[in-house]
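Please construct the entire structure, taking both the sequences and the accompanying hints into account.
Numbered by our numbering, the letters in the sequence shown go through residues 6 to 597 in order.
Hint data in this document are derived by calculation from the structure and do not stem from the laboratory. From the three backbone atoms N, C-alpha and C, an ideal C-beta is built for every residue, glycine too. Please note that a few of the clues may not be correct.
Label-pair distances were calculated between CB atoms; the ranges are [as the list claims (entries may be wrong)]:
1) K34 / E551: 49 to 57 Å
2) G81 / N58: 28 to 36 Å
3) Q255 / K549: 30 to 38 Å
4) E278 / E363: 23 to 31 Å
5) D517 / R437: 54 to 62 Å
6) K54 / D230: 58 to 66 Å
7) P85 / G527: 56 to 64 Å
8) T263 / V522: 34 to 42 Å
In the DMTMM-like style, the derived pairs of lysine to aspartate or glutamate whose C-alpha atoms are separated by at most 20 Å in a straight line are [said to hold, decoys possible]:
9) K259 / D297
10) K322 / E278
11) K302 / D338
12) K416 / D256
13) K322 / E394
14) K178 / D574
15) K302 / E278
16) K302 / E261
17) K325 / D338
18) K281 / D338
19) K549 / D517
20) K259 / D504
21) K289 / E278
22) K325 / D392
23) K364 / D101
24) K281 / D297
25) K364 / D392
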Amino acid sequence: MSISGATASPMMLSAYLSQLEDAKDDYVKADTAFRAIQNSSDVDYQVYKQRANERRTQLGLSLRSVCEIVRSVSQGGHLPREDLDRLVEHGAAIEDVLIDLSRGQDGEGKSNKDLMMSLIELFNKLAEEMNSGGVSGTTSDPNEIAGGFGNDRIREMVFGFPASATPYEETPKPSPYTSPLARFENGLRFSGVDASPSTLSFSEARCEIRSNRINPPVKMRLAGDTLVILASGGQKEQAIIYDLSAGNHQDVFKSEKTYSLARQGRSQFALDEPRKLIFNGAGKVINAYRYDTGRNKKLAFTLNNNSYRGLLAVTTKGAKVLRTGREGLGIWDVSCLGVGSEPVFTSLKSDAFAEVAEKGTWAEHPSDFRQRLVGSCDHAYFVSSVDIESGRVASRYVGHSREVSDFASSKNDSYGFVTASGDGGVRFYDSRMPAPIYAIAHLDGDPIQSVLYEHIGGHPFFIIGGYKSQQVKVWDARGRAPLYELSTSNNGVAALAWDGARNQLFAATHCDYLGIVGEIIGSRPARVRQGRGDMMWPRLTYHKEEGFGYPFDCGSHRLLSYSFRSEPDTRVLPEYGNTRQDLGIGRGFIGF
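As structure tokens, this is what we get:
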């Protein structure tokens, strides 16, 4: 007797849901057995170690089962869309349960690292097993990128400098124009064939590097020729604005103007490039300032928050202002806003947007302007694509063990997007698939705050801003390999921006060694062969003085500019800006 499609679908869904529950139950059993030994008054160390190993192994197996079920069902077309959405939703919830259970320490202090590596190894193993056709239809085919990620290269070789580290003088220098503040991977070469000049200069780190002292950066946005940094400035936030079309780099930094914004709080701002507006969430209102009116800010208009005080964004061409809140999503239509007129406000009830009313991050969907990518970080680590017209979840994505701190997409890839996470991992997704194509383990526990996915000269690259690791790391996405790291001079990366029109990278960096009044905390005399006798170096940096070809410590919060060109003057480097031994305060280099 045959079973009709209407009957088969619920039966198949039930079977898949049962498989997900089995994956959860298997880990719960292993976790329960471990905790029984852990809490025992008479512990046999060998049994304890065995149970801990079994628990870690089962974590990886259960996470793999969840992702395999979700991925295979989504690829196979076994379920109608409504049932598939329910399956992915349930898989994401079970993944969250597994992650929560695994948070307990196993006595060896490795649980978080094991969790991240279980996920990383899992996704790259799955990437090897994928045999579907092309995903993107652009110069960045995710399956092409993912292929071959099963070997040891998929693990990020973060350049800490233990005793066994290769001396900088012995590391590869792919070009005479390679910057001394770039450190390349041993044994890896860029795989681009017939690369364009811009691709070649970027892949070989042919750049001039400059810097400008700034207040502590929070976020950074690039809109056309305007770069805006949201920074802390005493009791109020600041918008630090640069005109990238001003001329040479000195003129760009001289073009800096600073607008005092609202009192510090949500750290939310958005840019409307066509109308030259900065939107800043401030208490009960959203202020819109014009940034093309000279040194003095000009308030264009104000929007009532209507109790929406979460994430802030504007839609394409600035027609609508969006902000999350406890009810869902607030939408202000400002496309026809004029003198004396009021915006049309819509309150959209949405549990999905309410999840990020207090914490989280979001970004434009790579292919659908009606959707937003949303990353939750409050009690759960869901990533979703949510419709801004209905408030409903369009797609749910699995694969994170910590909060998502940033999204990135490329205008040259209609479906790919990248996430950065507080677990030190970077995941690459096809928006039509619920699990990552592959993942990069940058550094366990590095709270990555910014990542970029850019096609430079037509070639795809991932650019990772390391905070704990104090570096900008560049990956050749198509070549499946890390290329090099750029020094951020003992500063953590708070935000990144790529200016494709001028082939330059900006990194807004934070100095964690500054005291309340600008003094450098915990420094020692710098171990530099040639240099001033008063040069100092923070004791707890990720890199040593000899880690690069030029010893450089910021000693202040900095905006770093890496300008890539075919034949740069590699002597153009920021001035050493750390504390002087006799003063004990951060001097910081201002200007050039």
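Now for the hints, and whether the structure bears them out:
| no. | hint | in the structure |
| --- | --- | --- |
| 1 | K34 / E551: 49 to 57 Å | holds, 51 Å |
| 2 | G81 / N58: 28 to 36 Å | holds, 34 Å |
| 3 | Q255 / K549: 30 to 38 Å | holds, 31 Å |
| 4 | E278 / E363: 23 to 31 Å | holds, 28 Å |
| 5 | D517 / R437: 54 to 62 Å | violated, 40 Å |
| 6 | K54 / D230: 58 to 66 Å | holds, 60 Å |
| 7 | P85 / G527: 56 to 64 Å | holds, 60 Å |
| 8 | T263 / V522: 34 to 42 Å | violated, 21 Å |
| 9 | K259 / D297 | holds, 15 Å |
| 10 | K322 / E278 | holds, 7 Å |
| 11 | K302 / D338 | violated, 23 Å |
| 12 | K416 / D256 | violated, 29 Å |
| 13 | K322 / E394 | holds, 17 Å |
| 14 | K178 / D574 | holds, 15 Å |
| 15 | K302 / E278 | holds, 16 Å |
| 16 | K302 / E261 | holds, 13 Å |
| 17 | K325 / D338 | holds, 5 Å |
| 18 | K281 / D338 | holds, 17 Å |
| 19 | K549 / D517 | holds, 16 Å |
| 20 | K259 / D504 | holds, 18 Å |
| 21 | K289 / E278 | violated, 24 Å |
| 22 | K325 / D392 | holds, 14 Å |
| 23 | K364 / D101 | holds, 17 Å |
| 24 | K281 / D297 | holds, 6 Å |
| 25 | K364 / D392 | holds, 19 Å |
The earlier numbered hints that this structure contradicts are 5, 8, 11, 12, 21.
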